[in-house]
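Engineer: Got chain A; can you put chain B on it based on the hints?
The lines below spell out each chain.
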Amino acid sequence: MNITENTEAQRLSFWERLYLPEIVRGLSITLRQMFKPKFTRQYPEERWEPLGSYRGRPVLVLDEDGERCVACGLCSRVCPALAIEVQAGETEREKERYPVKFEINMLRCIYCGFCEEVCPEEAIVMSKDYELVFEEREAAILDKEQLLVPIAQLQDRLEFLRRYK
Amino acid sequence: METLAAQLLIAAVKAFIVVNSVLLAAAGLVYVERRVAAWIQDRIGPNRVGPFGLLQPFADVIKLYFKEDLVPALADRTFHRLAPLISIAVALSLYAVIPIADYILIAGERVYLSVAPHINVGLLYVLAMTSIGVYGIVLAGWSSNNKYSLLGGLRSSAQMISYELTLGLSVVGVVMVAGSLDLYEIIQRQQQVWNIVYQPLGFLLFLVASFAETNRAPFDLPEAEPELVGGYHTEYSGMKFGLFFLAEYSNIVVASLMMTVLFLGGWHVPFVPQLPQWLGLQEGSVGMALFQSAVTLSKTAVLLFLFIWVRWTVPRFRYDQLMRLGWRVLLPLALLNILLTGLVLLVV
Chain A
185 MNITENTEAQ RLSFWERLYL PEIVRGLSIT LRQMFKPKFT RQYPEERWEP LGSYRGRPVL
245 VLDEDGERCV ACGLCSRVCP ALAIEVQAGE TEREKERYPV KFEINMLRCI YCGFCEEVCP
305 EEAIVMSKDY ELVFEEREAA ILDKEQLLVP IAQLQDRLEF LRRYK
Chain B
44 METLAAQLLI AAVKAFIVVN SVLLAAAGLV YVERRVAAWI QDRIGPNRVG PFGLLQPFAD
104 VIKLYFKEDL VPALADRTFH RLAPLISIAV ALSLYAVIPI ADYILIAGER VYLSVAPHIN
164 VGLLYVLAMT SIGVYGIVLA GWSSNNKYSL LGGLRSSAQM ISYELTLGLS VVGVVMVAGS
224 LDLYEIIQRQ QQVWNIVYQP LGFLLFLVAS FAETNRAPFD LPEAEPELVG GYHTEYSGMK
284 FGLFFLAEYS NIVVASLMMT VLFLGGWHVP FVPQLPQWLG LQEGSVGMAL FQSAVTLSKT
344 AVLLFLFIWV RWTVPRFRYD QLMRLGWRVL LPLALLNILL TGLVLLVV
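Read top to bottom, the protein sequences are chains A and B. Note that my numbering has the first sequence beginning at 185, numbered continuously upward. Note that my numbering has the second sequence beginning at 44, numbered continuously upward.
No wet-lab data here; the hints were simulated from the structure. Careful: at least some of the hints might be erroneous.
Unchecked claim - Some but not every residue of chain A turned toward chain B, in silico, with C-beta under 10 angstroms:
hint, residue
1, Y203
2, L204
3, G210
4, L211
5, I213
6, L215
7, Q217
8, M218
9, F219
10, K220
11, P221
12, K222
13, F223
14, T224
15, Q330
Unchecked claim - The list that follows gives simulated cross-link-like pairs (lysine to any residue, SDA-like), each with its CA atoms no further than 20 angstroms apart:
hint, chain 1, residue 1, chain 2, residue 2
16, A, K222, B, D85
17, A, K220, B, I87
18, A, K222, B, I87
19, A, K279, A, P304
20, A, K222, B, R91
21, A, K222, B, G96
22, A, K312, A, Y227
23, A, K220, B, D85
24, A, K222, B, N90
25, A, K220, B, Y227
26, A, K222, B, R86
Claimed, not checked - Label-pair restraints from in silico Cβ distances:
hint, chain 1, residue 1, chain 2, residue 2, range
27, A, G257, B, P358, 56 to 62 angstroms
28, B, L383, A, S197, 25 to 31 angstroms
29, B, I105, A, A265, 38 to 44 angstroms
30, B, F109, A, L211, 34 to 40 angstroms
31, A, K222, B, L333, 32 to 38 angstroms
32, B, L117, A, G297, 50 to 56 angstroms
33, A, K220, B, P115, 43 to 49 angstroms
34, A, I294, B, F109, 35 to 41 angstroms
35, B, L117, A, V262, 54 to 60 angstroms
36, A, S197, B, I204, 30 to 36 angstroms
37, A, A265, B, E111, 36 to 42 angstroms
38, B, K106, A, L211, 29 to 35 angstroms
39, A, E229, B, K106, 22 to 28 angstroms
40, B, L318, A, K220, 33 to 39 angstroms
A virtual CB, placed ideally from N, CA and C, is assigned to each residue, including glycine.
Here chain A stands alone, though its shape is the one from the complex (with noise of 0.2 angstroms):
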């Protein structure tokens, strides 16, 4: 086999194979480069502004009635990581049923979004929030009183379920 026909070499033409025309081409195109604007965000001072379609930490609805989450526990039967735990409660009301506890251990939860498709009330959808850190293993399972989110912080989420789901 002669593998000295035909090279890369062979085919460039004079100027390219002397290299420097090339190189001082490549250097243009860097300098140019310097002067563009830059694609990096300055993270703490400059948030990220997430779209609707974003799937962050899952919330429970708060609207104007109170929690809107019957305690099916369905979403707790579809979660593939096991983060849900339900335990369902009655009152007197005309909507009985409500979650005595409901816990999501945000070290399991793996942002399927899965609880927020198989929810018949829209009680549970995925936020905007991405800044989830915990400084203990237990202050990752967040319960009841931290998961409810007022209404009026989902409608971008809650539109674009309605739109697109």
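Structural biologist: For chain B alone, coordinates are given in the frame of chain A:
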């Protein structure tokens, strides 16, 4: 000035100033490198530590000092410790002869700004010391008892020895034009016309060879990380690694200064060599020395930027391409340059 003790004292003071400013310059260069790299890649670069991130290199050095100093179990401890010292000592000793400005008159005495001014083998000293710098890298690679380090060290020695020939031969033209190996003398001869005009090919060869000699991209094969992990300094951590790093950057500064001195006229201002006289600066005054230093250093800064700029533009050579370029292209061209210079000098 009369006694040996006084001369030693003066030399020590100069050496102290030079060494510290070199280390500062190397630290600054690391910062500039990271900033320019970021800009070329549409990023911002380090901007958190201090104003504009200027204190980043110092933060890095502090980090390096606090790191654990690991030595591989089967490494040759003596040479493992010696190798970074050789690298940094050689890199710093180069500055002894490099002139940044002319003399200052203090009490009728001419005080030169470099530690060893007017050595009649100045250029030879620089070439010889850069050759010794290879030992640091080879010993580091060998003593680490690691195949990647060894391969990195071997590659480096082969590369540096190959390109040293070109480096040495490319300055022969300058020596022939100037008729001296004294760096001060070489600068004085360039007052009207810089050597780059007489020696364009020599300058180009010196530029390429010094990229290879300082292990910079596109010739940074000794530390080709996809193939050799970290190259010769794979097994170095903490400030020992930091010393190699400093030596590398200090070598880049030396290469740029040498190019300024040999080809770009040192402290002479282009087109208007009489500019300092018009500004009313006296020969031998402190103002003159400052002016000359500023001229030399700004030329050097441009070359330093070139080093960084090229690194983030040109991809790394393959090893066989590197050797072919060194032996079959650059070396014959260097010899041709000497031949042409000789013929021209003979005719003129």
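Engineer: Does each hint hold? Answer for all of them.
Structural biologist: Quick rundown of the hints versus the structure:
Hint status for A:Y203 relative to chain B: holds, with the closest Cβ pair at about 8 angstroms, below 10 angstroms. Annotation: interface hint on A:L204 holds; nearest CB of chain B at approximately 8 angstroms, less than 10 angstroms. Because the smallest distance between the Cβ of A:G210 and any Cβ of chain B comes to about 5 angstroms, under 10 angstroms, the interface hint for this residue holds. Interface hint status for A:L211: upheld, as the beta-carbon distance to the closest one in chain B is roughly 5 angstroms, under 10 angstroms.
Checking A:I213 against chain B: minimum C-beta separation of about 8 angstroms stays under 10 angstroms; hint holds. Contact between A:L215 and chain B, as hinted, is supported at the beta carbon level, the nearest pair being about 7 angstroms apart and thus within 10 angstroms. Restraint check, A:Q217 versus chain B: the minimum CB separation of about 5 angstroms is within 10 angstroms; hint holds. Using the Cβ-Cβ criterion of 10 angstroms, the hint placing A:M218 at the interface with chain B is satisfied: the shortest such distance is roughly 4 angstroms.
At about 8 angstroms, the closest approach between the beta carbon of A:F219 and any beta carbon in chain B falls short of 10 angstroms, and the interface hint on this residue holds. A distance limit of 10 angstroms between C-beta atoms decides the matter here; for A:K220 the minimum to chain B is near 6 angstroms, and the interface restraint holds. Interface hint status for A:P221: upheld, as the beta-carbon distance to the closest one in chain B is roughly 7 angstroms, under 10 angstroms. At a threshold of 10 angstroms, the smallest CB-CB gap from A:K222 to chain B is about 5 angstroms, leaving the interface hint in force.
The beta carbon of A:F223 comes within 5 angstroms of a beta carbon in chain B, closer than 10 angstroms, and the hint placing it at the interface holds. About 4 angstroms separates the beta-carbon of A:T224 from the nearest beta-carbon of chain B, less than 10 angstroms, and the hint is met. Residue-level restraint check for A:Q330 is violated (minimum Cβ-Cβ distance to chain B is 32 angstroms; threshold 10 angstroms). Between A:K222 and B:D85, the direct Cα distance comes to roughly 5 angstroms. Compliance with the 20 angstroms bound is thereby established for this hinted pair.
For the proposed pair A:K220 and B:I87, the alpha carbon gap of about 11 angstroms is at most 20 angstroms, so the pair holds. Between the alpha carbons of A:K222 and B:I87 the distance comes to roughly 7 angstroms, so the proposed pair stays at or under 20 angstroms and holds. Annotation: proposed proximity of A:K279 to A:P304 holds, straight-line Cα distance about 14 angstroms (limit 20 angstroms). For the given pair, A:K222 sits about 16 angstroms from B:R91 by alpha-carbon distance, which is consistent with the 20 angstroms threshold.
Under the criterion of a C-alpha separation no larger than 20 angstroms, the hint pairing A:K222 with B:G96 is consistent with the structure, at around 17 angstroms. About 16 angstroms separates the Cα atoms of A:K312 and A:Y227, which keeps this hinted pair within 20 angstroms; it holds. Taken as a hint, the A:K220 and B:D85 pair is honoured in the structure, with Cα atoms around 7 angstroms apart against an allowance of 20 angstroms. As the CA atoms of A:K222 and B:N90 are separated by approximately 14 angstroms, the hinted pair is consistent with the 20 angstroms bound.
For the given pair, A:K220 sits about 42 angstroms from B:Y227 by alpha-carbon distance, which is inconsistent with the 20 angstroms threshold. For the hint linking A:K222 to B:R86, the alpha-carbon distance of about 5 angstroms falls within 20 angstroms, and the restraint holds. The beta-carbon spacing between A:G257 and B:P358, approximately 58 angstroms, falls within the hinted interval of 56 to 62 angstroms. A C-beta distance of roughly 26 angstroms is found between B:L383 and A:S197, which places it inside the suggested range of 25 to 31 angstroms.
Hint check: B:I105 to A:A265, Cβ distance near 42 angstroms, so the stated range 38 to 44 angstroms holds. The hint said 34 to 40 angstroms for the Cβ distance between B:F109 and A:L211, and at roughly 38 angstroms that hint holds. The beta-carbon spacing between A:K222 and B:L333, approximately 36 angstroms, falls within the hinted interval of 32 to 38 angstroms. Checking the proposed 50 to 56 angstroms range against B:L117 and A:G297 shows it holds: the Cβ atoms sit about 53 angstroms from each other.
Between A:K220 and B:P115 the beta carbon distance is about 44 angstroms. The supplied range of 43 to 49 angstroms therefore holds. Distance hint for A:I294 and B:F109: a CB-CB separation of about 37 angstroms, consistent with the stated range 35 to 41 angstroms. Between B:L117 and A:V262 the C-beta distance comes to about 56 angstroms, which sits within the given range of 54 to 60 angstroms. For A:S197 and B:I204, the Cβ-Cβ distance of about 33 angstroms falls inside the hinted range of 30 to 36 angstroms, so the restraint holds.
Restraint check, A:A265 to B:E111: a C-beta distance of roughly 38 angstroms satisfies the suggested window 36 to 42 angstroms. Taking the beta carbon of each, B:K106 and A:L211 are about 33 angstroms apart, inside 29 to 35 angstroms as hinted. Judged by the Cβ atoms, the range 22 to 28 angstroms given for A:E229 and B:K106 holds: they are separated by roughly 24 angstroms. A hinted range of 33 to 39 angstroms for the beta carbons of B:L318 and A:K220 is consistent with their spacing of about 36 angstroms.
The structure fails hints 15, 25 (numbered hints given earlier, in ascending order).
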